[in-house]
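**Q** Protein chains in written order, with our numbering: chain U, 1 to 315; chain F, 1001 to 1283; chain L, 2001 to 2244.
Keep in mind that the hints were calculated from the coordinates and are not lab data. Hints should not be assumed to be uniformly reliable.
Stated by the list, open to error - Stretch by stretch, here's where chain L covers chain U in the computed footprint (C-beta under 8 angstroms, at least three residues):
no. : region
1   : 21-32
2   : 175-188
Unchecked claim - Distance condition first, Cα-Cα at most 20 angstroms in a straight line; then the derived EDC-like pairs of lysine to aspartate or glutamate:
no. : chain 1 : residue 1 : chain 2 : residue 2
3   : F       : K1085     : U       : D153
4   : U       : K108      : F       : D1179
5   : U       : K108      : L       : E2142
6   : U       : K296      : L       : E2053
7   : F       : K1082     : U       : E294
We treat Cβ as the ideally placed atom computed from N, Cα and C, and that holds for glycine.
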Amino acid sequence: MDLRWHHFALWAAFIGGMLALPQFVSSGTLRTIIFANYLAIFAISWDILSGRTGYISFGHPFLIGIGAYTTAILTKRFDIAVEYAIPSAVLMTMVGGLILFLPALRIKGSYFALVTLAFMELIYQLVQVIRPDLTGGTRGMSGIPTLTLGARDGFYLSFSLMAAIALSMWLLMRTRLGTALSAIGMNEESVRGSGLSTTRLKLFAFLTGAFVAGLGGAFYVHYLGSIAPRALFDINFLFTILVAALIGGLSTVIGPMLGAFFLTFLLEYLRPYLPGAERYFIYGGIALLLYMYEPKGILHLFSRGLDRWRERVSS
Amino acid sequence: MAQIIIQGLLLSGLYALIAMGFTLIFSVGRVLNLAYGSYLMIGGYVYFYLTQLLGVPKIVGILMATVAGCVVGLLIYRLLVKQLKGDHVAIEISTLILAVVLQAGIVLLFGDSSKILLPIVPGVIHVGGATVTFSILAATIISWVILIGIYIFIRKTHTGRAMQAVSMDAKGAAISGIDSDRINMITWGISGTLGAVAGVFFASYTQLSPSMWVAPLIIAIAVVIVGGIGSIIGTLVVAHIIGFMEILTTAILAPEMRGVFTMLLIIGVLVIRPRGLFGREEL
Amino acid sequence: MNHPLEITNLVKKFGGLTATDNLSFVVEKGKSVGLIGPNGAGKTTIFAQVMGEHRQTSGSIKVYGKEITKLSTSARVRHGVSRTYQIPRPFGNMNILENIRVGLMPDNIWQMITGNPDLDREEELALSVGFTPGDLMKTPSELSMGDLRKLEMARTMATDPSIMLLDEVFAGLTVSEIVQIADLIQKMRKDGMTFLIVSHDLKALEPMVDSAIAINYGAMIAHGTLDEVLANEDVRASYLGGTG
Chain U
1 MDLRWHHFAL WAAFIGGMLA LPQFVSSGTL RTIIFANYLA IFAISWDILS
51 GRTGYISFGH PFLIGIGAYT TAILTKRFDI AVEYAIPSAV LMTMVGGLIL
101 FLPALRIKGS YFALVTLAFM ELIYQLVQVI RPDLTGGTRG MSGIPTLTLG
151 ARDGFYLSFS LMAAIALSMW LLMRTRLGTA LSAIGMNEES VRGSGLSTTR
201 LKLFAFLTGA FVAGLGGAFY VHYLGSIAPR ALFDINFLFT ILVAALIGGL
251 STVIGPMLGA FFLTFLLEYL RPYLPGAERY FIYGGIALLL YMYEPKGILH
301 LFSRGLDRWR ERVSS
Chain F
1001 MAQIIIQGLL LSGLYALIAM GFTLIFSVGR VLNLAYGSYL MIGGYVYFYL
1051 TQLLGVPKIV GILMATVAGC VVGLLIYRLL VKQLKGDHVA IEISTLILAV
1101 VLQAGIVLLF GDSSKILLPI VPGVIHVGGA TVTFSILAAT IISWVILIGI
1151 YIFIRKTHTG RAMQAVSMDA KGAAISGIDS DRINMITWGI SGTLGAVAGV
1201 FFASYTQLSP SMWVAPLIIA IAVVIVGGIG SIIGTLVVAH IIGFMEILTT
1251 AILAPEMRGV FTMLLIIGVL VIRPRGLFGR EEL
Chain L
2001 MNHPLEITNL VKKFGGLTAT DNLSFVVEKG KSVGLIGPNG AGKTTIFAQV
2051 MGEHRQTSGS IKVYGKEITK LSTSARVRHG VSRTYQIPRP FGNMNILENI
2101 RVGLMPDNIW QMITGNPDLD REEELALSVG FTPGDLMKTP SELSMGDLRK
2151 LEMARTMATD PSIMLLDEVF AGLTVSEIVQ IADLIQKMRK DGMTFLIVSH
2201 DLKALEPMVD SAIAINYGAM IAHGTLDEVL ANEDVRASYL GGTG
């Protein structure tokens, strides 16, 4: 694991800086950052599952939704304490990850993406009709216990969670495991030909991705205090996650984080001019252009700019 | 019973029309165009704008909708699909992003709320206890006419045969002098046109809304996946399977469950038999 | 006697087509065997069956006496068979060292996480196939066809094989690259590696092999030294496009 002191210095500076943030910015901005934090968690988890292995999932809200609904139902309908509900939710999400993994044994590429899309639509419809007394049916649930009061605490919780996930995933993906997972995305046959069981590696990626998605989904629902099927199992939500990971930079941990913050703030800055869903017109347009002309993402753009700057300084 | 059969036939005809344009592109270019639902949305909104806001005659409205669909189809091919040069997953991702962008564009122009389309052909007819609007009847008849037309076009005309050739073996077709870029252009144009027509009828069957592209896209995906690559007969058969399943679920179980079997069908077929039930590698 | 590779009565049918027709042969330890035959004779299909990329219809494949026909591809690699491809399949966004790293990894997720990559061994393998220290950070898009083949040889070597299957190692190479790859194979033969080599370039193949097997329509039509095999009437007929 090629770790240098400056890596940790950067992480420490980033975490320290962010934790000091509530002293300087308004609670409105803090709320925006809370969303960015959760989006970053979702994007990181999508990247572990799809970005690295190349098994593009269009059904990520399926996983997040399992986590969110499990903890919402347990706490609201059965009065189970959050400290038991959230771990159960994460476990259920990992079972969901296992379900998503089964088709990956047989199909890949476009077909796999479609199956996952079908999974998301399927659970969207099932949630509304099966036991609406538990799920709240089409209207969803509200009054789910929240963990924090106010923007400040919400920010501290969401950022700590995001930073812990990001740092641990960053460390994990810097090991040979990260190399092996990325290798699957580049050429799965060659990974098998190198004597590695790609089935086991993919299973690990799917379970880890689901773990992170479940954790994020569960905490997110305890931040919002409400849940609605259309807001969750929605192509627009999937689109936001996907775009954050894609334009940030696939197969990295920092990329999806960067993408999530970039997009959340872009949306926020557009709000005064375009208050509704039409903001996605600009947001999506930028995402499409970036994806088509810089498929490696903004992280790559930054590092290339940095290289050029270094060259200029040294020459 | 008669009601179920009649409703099933009507809905299935519409579904076959919806899926047709998607099938063509998938067969000729092996590309899953997730912005396909947007053609329906654009067709529906253009028709709505011209006939109900400007008062243009309906037939002109339909024609202009098809023109708009065709142009959008060609633009997507030129500006997006061709640039990505056969990277199927990238095409899928970017057409999905595009679909959301187009949805936002519609919100920008027409607002978020859904719109009711006036019946294209006013009037109803009672058949065996079932009430059938002339609009949906017209939609079914027109989709059958179009489907037969496409079938003949592909079998009998020079261009249609060239499309068949490209769909079977793009390289071989190129060697025998077929300009596959031209064939692709034509296919994307036809696909956009078909999508827009389907959109006008689909919107009159349900309603116009910025998110109306999702449901027909899923239907088109289901039909193509289950029907197998580019078989026109497969498309027809599966459109009827799905149409009847939806009508039956609505009648017997619950209207909210109508999509559940479609999803299960997609998942089941893709996992068990990825080539589809009628998986022939030709049109 | 256990051999690095022992194929017995191997049959592979694709629908009505027999791609491998009751094939039996043995590759002895430390020997290098050429597998020749005209286009479509079924050479690559044999490789694919040995690696488990295609399942045979019937027959047995043994590595040092151990039946491997039921194992997955990755398990076969860990049992000591490894192959290269006619069109190299590197990991596109990784540099040479990282490409080799994948071959060196243990098939155990916990060890992947806790252990560190063996940078010395990675470099040693890269240099042993003829890369220079300046090449190590290059990615496949910066490499020539010859370099890509070297990279694939290095990654294959990293899995510590007891037999290597080389598929059309000389295809698409310049004359000087052919010489480099040939030198590399000769060096490895001297070190005791066992080879099964497919090549169209019989001239380049000639010094690489101890013996040869000729197949046509999936069946063995001759075996012996390469000269003997090439002198065989059936072999000549098959190369001339006759019905064999």
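**Q** Now tell me, hint by hint, if it's right for this structure.
**A** Right, here's what the structure says about each hint:
{"no.": "1", "hint": "21-32", "verdict": "violated (count 0)"}
{"no.": "2", "hint": "175-188", "verdict": "holds (count 9)"}
{"no.": "3", "hint": "K1085(F) to D153(U)", "verdict": "violated, 48 angstroms"}
{"no.": "4", "hint": "K108(U) to D1179(F)", "verdict": "violated, 30 angstroms"}
{"no.": "5", "hint": "K108(U) to E2142(L)", "verdict": "violated, 28 angstroms"}
{"no.": "6", "hint": "K296(U) to E2053(L)", "verdict": "violated, 32 angstroms"}
{"no.": "7", "hint": "K1082(F) to E294(U)", "verdict": "holds, 16 angstroms"}
Violated hints for the displayed structure, listed by number in ascending order: 1, 3, 4, 5, 6.
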